[in-house]
Amino acid sequence: MKAFRIKISSWTSSFRYPNLISGFQPTLEVPPVSTVMGLINAASGRYWENREITLGYYFSFKIKTVDLETIYQIKANDKNYPEATVKPNVIQREFLYDCKLFLYLTNEDLIAAFRQPAYQLLLGRSGDLAGIESIEKVELNEVNNARFAGQVVPFNGNYLAGQIQALPKYFSNTIPRRNLGTEPYSVISCYNPVQSPLTGYRPDLEEFDSDIFLHKFEV
Amino acid sequence: MKKLKPLNMKQTYKTIDYEWLIRPTGDPFADAGGFAIEYLSKRFPEKDILELIDYVTKIYVEKWKGKINAFFLNSKITQPAFKGPKKIDETLKYFKGLISETELSEIGYCRITGRETKLFPGGRDNSVMTGSGTLINFHHFFQKGIALSREALIRIHFVPFACQQLQGKIMLLQSSEKELSKLFVRHTVEQNLHEIGLGLSDGVAKSNLNKPANAIFGFVDQALSQLAKFGEGHVLPSLTLYHFTNFGATPEIQLYQLPANAFLFYRTCMQARFSEDWQLFVRSHYFDGKHKGARYNSVSGKFELVKSKETEIVEPGEYKKWTNPIYDKLLNAENIRRDILRWSRKHPFKFEIVSIYQQNIIGMKKETIAKIKELAAFLVREEDIEKAKKRIKALDGAKNASELRRFLLKQAISPNYQEGNKNPIISVNDYVDYLFPDGSYWAEIRDILLIAVYQELHEKDLLSDDLELEPENEAINE
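As they're listed, the protein sequences go chains Y and D. Residue 106 in numbering that gives the first Met the number 0 is what sits at position 107 of the first sequence, and the numbering runs on without skipping anything. Residue 389 in numbering that gives the first Met the number 0 is what sits at position 390 of the second sequence, and the numbering runs on without skipping anything.
No wet-lab data here; the hints were simulated from the structure. Idealized CB from N, CA, C, for every residue including glycine. It cannot be assumed that every hint is accurate.
Said to hold, decoys possible - Pulled from the structure, derived: some chain D residues nowhere near chain Y, Cβ distances all over 12 Å: (1) L6; (2) Y12; (3) K41; (4) K143; (5) K177; (6) E194; (7) W321; (8) L340; (9) G396; (10) F406.
As the list claims (entries may be wrong) - Below, in silico cross-link-like pairs of lysine to aspartate or glutamate (EDC-like), each with a Cα-Cα straight-line distance of 20 Å or less: (11) Y:K63 / D:D327; (12) D:K328 / D:E382; (13) Y:K61 / D:D287; (14) D:K13 / D:E105.
Chain D on its own, in the form it takes in the complex (with noise of 0.2 Å):
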């Protein structure tokens, strides 16, 4: 097994093996909190193990008022019974106990670690959303939790200090990168430590962010810009967010996952070439109910909504907090096909964004986008708006693959022979193998070329704000 960079702290305990303190281990929850640990003993080397516990402790009682049930049920900290110092005093003892060999164990293989070592009872006062000891068929054979080695246990009294609040609930973000991992709770420990010595911290680091995908995105924004080598070359990582409570009776978890290729889409998107195109679309599908009718000035960056006698401002600090239908999309893995369309009608988008996306997200061939490229290059040839726009509402009007068929037939192939034109324009490869092959989607090949052909409106300049080229119900935000 491969070794790490030793921990930086006092190893006054033989007991504990130091490694596992910090070696990441898939477990979310042990991962975060180790690398707290691996950060607070290098901002405090003088401490050993047992003061960071201390340290960490008297955080959670003195400045949070024990306010980590989101995390642990009934545990020295949150259990009503101690009050004040007899709250660190217990979970200091609890911890020496486990250190020093004087709590009940036995050896076993670690759940998180995997290791052979003495273990020590997991549950919801010590783990998180690992069941309760009193529900007893909730694991095997009547046991009354998990069985965790000394070393998972002390990550796992670190992780409140290595998560953010996030709509009422915790949220963890857990990557396939090390570094992104490490991130996310460097700055998350950051803030605490940054608040708390301004006085303020009264709880949790609280998210700026107050959506799952608003979060993972603005953290992919975070990550792009501090750490070079995930905006560019071959490291391509997946992210998932964690967002759950094991608050009483109502322990709740739900996953959100931000897979490779979606990262790749993402990062291209914030590339210099495509940054502007794509931040306008994404920042002008911001949607809040409270602020209906308020519009993206992409000039100052801000929302505007239009009351009776005034224009409320809305800052980006603000509307980042509101739903993103694009960013939920790309999250859940849905389609924004219809949401480029609906924007393309009257904003510029460069068709390399939509072609990426095509390829990357949904699984296109640069066959299939290379020749409905061609062909709206075709649709819009003459530069005659009129024609252009009968062209537009014919291929919106066709509801089916045989209209969309026919409209190729009438507006393509056949124009194509009568203009002399020694190439096919569609030829019986290009028909059958990239634009209906066996299993394709009719309807997104009219709504790429439909994109393709405002495209190549946009960049003739031809589509004017007085132009009714839009379909009705297709408004957008702006």
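Okay, chain Y solo, but in the shape it has when bound (with noise of 0.2 Å):
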């Protein structure tokens, strides 16, 4: 299978659990669907509806550490409208460095928008500021029995080990978002590679021990 790989790297990252809330913030070891999908809008300038996707990933990182971080809290009056004082508060917060996404898409009007992104990537949080090292095209070579690690693959029907999140593909351009497509995922990290039983494809240009899962959805 032809394919387009995106090759995108940044100093730091930090993926939230969707619905953990904590004075310590952990950080996911590998991107969502739907923050990768989050990327493409970016690069598009726009939000991509009524359409297939096909895309697959690998995401890698050195370290794993804590940094202080502060938040600013606001509440609400009894208006339920903000106050204007915030407060701010130190927490902890998990994230991974000198970060490399490895980004696999079939569809060439959406390599067209990485060319020229129309926003600023971010690989996680606002301040996680991402660049496109290289655009290539590569050979998607299907093999049996695939050695999954950096990616998220879906935990029904393929029950793979890894941590188990329930995490969306993608949000909806509504106010306020919502979450679309969640279901529950194996968080396959880049330092704990599983071997599967399913179908997966190997990249020709490799720099990186690992096949890769094809995510197919409509968006």
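Mind docking these for me? Both chains are given alone in their own frames, and the hints should help you get the complex.
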């Protein structure tokens, strides 16, 4: 299968657990599909909908560590409007350092967006600025009993080891945002590869030791 | 979507999707609550879901005195305004409202189950670690919390019954294998029911292991002994321990992960042919600051602390609560190579364990390990302890890659030729591909070679207690 590989890097990344709010904010070791879809939308400068998406990715990082971060807390007043004053608080945020995302897309319209991104690309939160290192054509060769690392794989029906989390595929273009396609995923770190009975795709341009799981869904 | 075995429960309420009370979602809290519902519904098939809610609510209020603050903040049970029976009444009123749909709701996609259904507000009062509704910038567009289906909220109400106390916080174990997640919940619910039956239950079940790492490996021990498929075969689960409190102003959560390769390594170590060596190694490393100097007695299986007039004996039930650096390191993906080396200087330890560790956890090539083993056999070939001591000293003294290479040249390559052996002990390919490939860490090769040399000496029974082969500052806990 012909595809394009977009190599994106950032100094730092932090991918929050969708429903966890705590004084210690852990990070997932792989971005959810919805984060990658957000990246595609940021590059495109528009919200993609009503089309079929095929994407795969591999995410790696060098280290995971913790930093202190000031957050600003806003309370609501009696009328449920935000109060004018904000209260700072210090929390511990876990983050990933020296991150790489290898994004595989088959749709040329989406690739074009990455040649001249409309908005800044972020791998995680607003401070996690990312840059595009390269865009290359690759051949994805189908392989049986694929070995996966550095990606999320839908849990139901596949049952791969990894950290199991309920993650969305996408968010709606409404106010407020609505999570779409939430289901359990195996979050498979780049450091804990999993041998599977699944079909995967092996890129001919390898900079890592993992096959690629292709996510196919409609947005 | 694959159909689950139907829930064995009186299905009184038509508004509830009973399958979603137990279907795994990926959310650790909702899943634990679902497994608890599944277990309790088997135990009490005459009760419908509201009667089960009533059952656990009465336990929370009457037996546990409402002490579930580590889960819910200002809930109908934990808020101080409600006293005694009112806590129960208000809780049941809330869940009746969810079921009859008189509680405020909207249509949308549940944040946990992903279904499009009626959603109800989820905050710190009815869900775990989801943020306070007071601080409105914690959610999209100043929403007060997350929106959850009634099934998710019902499941979460059962979470306290499916979790254990550990170090003053709450522990929940989740696995990629449903049977393991269920086993944890089943043990916890059974412990609760047992203690309630005895009149001893005054709060969330307490773990008898006091550290997250000990709790995970203790649980794996249980799983290996109770669920045959995890002791052998190809099933390789991962485990995640959630250690949290949703209490007051300081909600905190820490995650500990045991990946599948670490599970495989541990499972292998617990097999009959390795378990004696492995358990002696691990148990000897338990440590507690209040019992400094305690030594593990491998015969009695207890720790002994010699005091001025008497010897204090520490039973397994007590010392298994102590810190265990080996478990900690395995869980934190830190290397235990140096610990094994320190241990090997005095104790026999099957080199196969080291080999499996290096291959499965560290990712060393099996050819590298085979070459190191061959080199070790060559270095102690004469059964002459004095020569072996000199080689160990020289190998121990290698402080950088070039010194290690010089050692191999002087102690292996050159003598191999001098002895007239036809084949090289280290070929160019061995050297380039296996011993010193790009990215390899020379000290790792040195340490594994030292471990292999020590094991050769142990096998040949050349080591004795009076031999001083241990460098300074490498004391072990035995």
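Taking the hints in turn, this is what the structure says about them:
no., hint, in the structure
1, L6, "holds, 18 Å"
2, Y12, "holds, 24 Å"
3, K41, "holds, 23 Å"
4, K143, "violated, 8 Å"
5, K177, "violated, 9 Å"
6, E194, "holds, 29 Å"
7, W321, "holds, 25 Å"
8, L340, "holds, 23 Å"
9, G396, "holds, 31 Å"
10, F406, "holds, 31 Å"
11, Y:K63 / D:D327, "holds, 17 Å"
12, D:K328 / D:E382, "violated, 35 Å"
13, Y:K61 / D:D287, "violated, 33 Å"
14, D:K13 / D:E105, "holds, 18 Å"
Of the numbered hints listed earlier, those contradicted by the structure are 4, 5, 12, 13.
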